[in-house]
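Whenever a hint applies, use it, and build me the whole structure from the sequences.
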Amino acid sequence: MTREEKRKSFLEGIRGGLPIGLGYFPVSFTLGIMSISEGLNWWEATMISLFNMTSAGQFSGLTIMAAGGTLIEMALNQFVINLRYALMSITLSQKVDDSITGGWRFLAAFSNTDEIFAMGMARERPVDRWFWEGLSIPPILGWTLGTAFGALLGSVLPQRLLDAFGIAIYGMFVAIIIPQARKSRAALFTLLLGAALSCCFYYVPLLSRVPAGFSVIICAVAAACLAALLFPVRDEEKGGCA
Amino acid sequence: MSFPRYLAYLLTMAGVTYLVRAVPLVLIRKKITNVFLKSFLAYIPIAVLSAMTFPGILYSTGSMGSALVGTLGAIILSYLGANLPVVASVACVLVYVTGFFL
Chain H
1 MTREEKRKSF
11 LEGIRGGLPI
21 GLGYFPVSFT
31 LGIMSISEGL
41 NWWEATMISL
51 FNMTSAGQFS
61 GLTIMAAGGT
71 LIEMALNQFV
81 INLRYALMSI
91 TLSQKVDDSI
101 TGGWRFLAAF
111 SNTDEIFAMG
121 MARERPVDRW
131 FWEGLSIPPI
141 LGWTLGTAFG
151 ALLGSVLPQR
161 LLDAFGIAIY
171 GMFVAIIIPQ
181 ARKSRAALFT
191 LLLGAALSCC
201 FYYVPLLSRV
211 PAGFSVIICA
221 VAAACLAALL
231 FPVRDEEKGG
241 CA
Chain V
243 MSFPRYLAYL
253 LTMAGVTYLV
263 RAVPLVLIRK
273 KITNVFLKSF
283 LAYIPIAVLS
293 AMTFPGILYS
303 TGSMGSALVG
313 TLGAIILSYL
323 GANLPVVASV
333 ACVLVYVTGF
343 FL
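Chains as they are written, first to last, in the numbering used here: chain H, 1 to 242; chain V, 243 to 344.
One should not assume that every hint holds.
[Stated by the list, open to error] Ranges of calculated distance between the beta carbons of each label pair, as one might list FRET restraints: (1) Arg185/H / Gly307/V: 26 to 34 angstroms; (2) Ser37/H / Leu314/V: 51 to 59 angstroms; (3) Gly39/H / Val339/V: 32 to 40 angstroms; (4) Gly307/V / Gly103/H: 15 to 23 angstroms; (5) Glu73/H / Lys273/V: 45 to 53 angstroms; (6) Thr275/V / Leu230/H: 14 to 22 angstroms; (7) Ser37/H / Ile270/V: 35 to 43 angstroms; (8) Phe342/V / Glu5/H: 48 to 56 angstroms; (9) Gly39/H / Leu279/V: 44 to 52 angstroms; (10) Ser244/V / Ser208/H: 35 to 43 angstroms.
[Unchecked claim] Covered by chain H, per the in silico footprint, the following chain V stretches (three or more residues, Cβ under 8 angstroms): (11) 289-299; (12) 309-317; (13) 330-343.
Note that these hints are calculated values from the structure, not bench results.
The beta carbon of each residue, even a glycine, is placed where N, CA and C say it ideally should be.
Have a look at this one:
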């Protein structure tokens with residue numbers, strides 16, 4: 001890659017990452033408020049966001065901290081809730097080009113969040129190092145700063161406003177999956193099946209006892225398996241999100 | 243919470259989360275050629291996100307009514323092609339405004 005191409009790739013990444021960073025802000029803002037009410041100070045809250053980069057995992061981890069759980073419990077909880085990232089990393093390993101090898105893979109793994117991953121996979125071309133860096137920087141900033149602001153300012157905002165922030169992360173998810181489902185029937189099928197299975201785990205009495213970290217994995221694996229059987233992807237070039 | 247206790251929690255959380263992400267990415271170097279496996283991996287992103295979104299989105303705001311309005315708004319907007327921050331912020335605004343009528 002020439003210098004110019006690297007620069008272009010990086011900027012393309014930044015353009016993709018900016019909306020994610022903006023979308024993260026209100027979500028991690030909520031996390032900051034929650035951290036304060038659990039007895040952490042603002043920079044302790046901010047460090048958690050900087051080093052974890054995961055919404056569901058951090059929310060759950062905070063509850064364990066607040067309850068004074070053991071470290072084993074924390075480790076197991078984080079492992080299960082975040083196990084979906086292992087699936088994403090396997091998928092990402094097929095999408096990266098030769099510029100992300102060796103040590104770069106250790107670095108790239110850090111920012112493999114749901115949204116950065118989804119955006120990377122939505123790219124037509126393979127993911128190179130510069131694109132991934134550009135894609136990662138705004139979300140890391142948005143996530144970390146959002147937590148700091150939430151921790152510092154949260155107590156002065158009215159509850160109604162905080163409730164409204166709660167839907168932000170889901171709004172992002174919707175904005176990522178709906179356009180794909182519009183373009184491809186296979187994606188629509190996967191979306192509906194994943195959602196239906198997930199509802200079962202919410203509302204069916206015995207299933208609702210399965211911890212959220214596990215149920216997400218079960219639903220995703222089942223939906224993706226069935227979609228793969230019914231709509232096999234043969235196109236070499238496309239890869240990525242069908 | 244004492245600082246050493248906090249630090250132990252932080253390192254456990256961050257360490258486990260990082261390893262879950264890093265180990266597969268570092269270890270898998272070959273291109274997967276199996277059609278089923280390739281297809282499975284292609285559908286994983288949307289499968290994970292849809293399972294995380296539904297029905298969780300309906301319980302994200304403290305009232306099912308406002309969440310429903312926000313959800314429908316988000317779905318319609320993203321169907322029409324609005325980008326990510328627009329969809330997320332409009333959903334928040336809809337929830338906020340609906341909150342006044344509930």
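Hint check results:
1. The hint said 26 to 34 angstroms for the Cβ distance between arginine 185/H and glycine 307/V, and at roughly 32 angstroms that hint holds.
2. For serine 37/H paired with leucine 314/V, a C-beta distance near 31 angstroms fails the hint of 51 to 59 angstroms.
3. At roughly 33 angstroms, the beta-carbon separation of glycine 39/H and valine 339/V lies within the given 32 to 40 angstroms, and the hint holds.
4. Between glycine 307/V and glycine 103/H, the C-beta spacing of about 51 angstroms breaks the proposed range 15 to 23 angstroms.
5. In this structure, glutamate 73/H and lysine 273/V break the distance hint of 45 to 53 angstroms, their C-beta atoms being roughly 38 angstroms apart.
6. The beta-carbon spacing between threonine 275/V and leucine 230/H, approximately 20 angstroms, falls within the hinted interval of 14 to 22 angstroms.
7. For the pair serine 37/H and isoleucine 270/V, the supplied restraint of 35 to 43 angstroms holds, since their beta-carbon distance comes to about 41 angstroms.
8. Between phenylalanine 342/V and glutamate 5/H the beta carbons are some 51 angstroms apart, a value that agrees with the proposed interval 48 to 56 angstroms.
9. Range check, glycine 39/H to leucine 279/V: about 46 angstroms between beta-carbon atoms, so the 44 to 52 angstroms window is met.
10. In this structure, serine 244/V and serine 208/H meet the distance hint of 35 to 43 angstroms, their C-beta atoms being roughly 36 angstroms apart.
11. With 11 residues carrying a beta carbon less than 8 angstroms from a beta carbon of chain H, the segment 289-299 of chain V meets the three-residue requirement, and the given coverage holds.
12. Residue count for the segment 309-317 of chain V with a Cβ under 8 angstroms from a Cβ of chain H: 5. That meets the three needed, and the coverage hint holds.
13. Here's how the segment 330-343 of chain V fares: 10 of its residues keep a CB closer than 8 angstroms to some CB of chain H, so the rule of at least three is met and the hint holds.
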